[in-house]
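Make the full structure from the sequences, and use the hints.
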Amino acid sequence: MKTLFDLTQLSGMNMKNRFVRSATHDGRADSLGHVTEKLINHYEELAKGGVGTIITGLTNVTDIEKIVPGQMAIYNDSFISEYKELTEAVHKHNANIIMQLVCNGAQNRSNNEGVLWAPTVIEDLASMPGIKEMTKDDIEIMKESFINGAVRAKKAGFDGVQLHVAHGYLLSRFLTPYFNRRTDEYGGNIENRARVVVEICSGIREAVGPDYPILAKINCEDFMEQGLNLEECKYVCTVLEEAGLSAVEISGGTAGSRANEGTIRRVTSETEAYFRKYAEEIAEEVDIPVICVGGHRDIDNLTDIVEKTKIEYVSLSRPFIREPELVNRWISGDKTPAKCISCTKCFGVETKCVFNK
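Going by this note's numbering, the first residue of the sequence shown is number 58, and it counts up by one from there.
Among the clues, some could well be false.
List time: in silico DSSO-like cross-link candidates among lysine-lysine, alpha-carbon distance up to 27 angstroms [unchecked claim]:
#, residue 1, residue 2
1, K402, K367
2, K141, K200
3, K392, K73
4, K396, K334
5, K105, K392
6, K73, K141
7, K392, K409
The set of hints was computed from the structure by calculation and includes no laboratory data. Every value quoted in this text rests on a predicted model; they were computed, and no experiment measured them.
Here it is as structure tokens:
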């Protein structure tokens, strides 16, 4: 029987437990996306806390669009040496670190001027003004940017990369019928809408070799009219596996579809693990590991997920903002639920818990 504290391997990457810190915008990079001492200290603190694998905040692969304040970036080779300091700080504590790669697209919250790429010019509550429909040349530039970003991440000592294909960011919008109304080979049916993500994944696999972990974070559903649905998500996961994907993290929704929910996303013992049922279904469809994110607070519920389903890993974000040492606390025998109350007041320019000094 699987347990939360099993030693496992993912594409040759040793994982000391099944806990993953889900990607979170940390807001600690400088104005150009470069590493700061504050950023290194932040990730080292997470590594000290016992989590087996950390996925970074969304890291921009291009300087064609201007980055969000505090967002990490990896759009040229100058980032490699400074990220080596970060990965070494994490590895000292026997933890893995994976870089999440992204193009922000229409949801770019930057105050600077820059291109806002999108499959087509369709707005929602989370879109910024000035969206540009991507040309074929733009798509080629974007694909190369993701591939080059992955190569740089590997050179910098990251244990893997994760493609951000969720929450209404650029790759996610290619999958969503509402946002993608293209009439070329990148629009229309789900095979075409998934094409750019598949081409990026296969391009990264060719560039980094057969054993380097490539993950993706994907919406199970967009939870909006004309959004990506579960059956389409299953298809995307299947074709990405064929393209060389190592594991998939199942999330859901977009910034626009969640815009009317208010500040607080309540999590109770009855409502936590709100993407579990979707992750379970997807785990039955693919042979690669599935990671389940979504409102996890209680170690008993996490144990139930790992022991009773084909889901291999569980990922958390907000609980680690309140308690970076949460996994170590659970290992020590204190099995009380995470202290996070799900107020979501942690998310700002710099992500931090309002209850921590």
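Hints and how they fare:
no. : hint          : result
1   : K402 <-> K367 : violated (33 angstroms)
2   : K141 <-> K200 : holds (24 angstroms)
3   : K392 <-> K73  : holds (19 angstroms)
4   : K396 <-> K334 : holds (24 angstroms)
5   : K105 <-> K392 : holds (18 angstroms)
6   : K73 <-> K141  : holds (21 angstroms)
7   : K392 <-> K409 : holds (23 angstroms)
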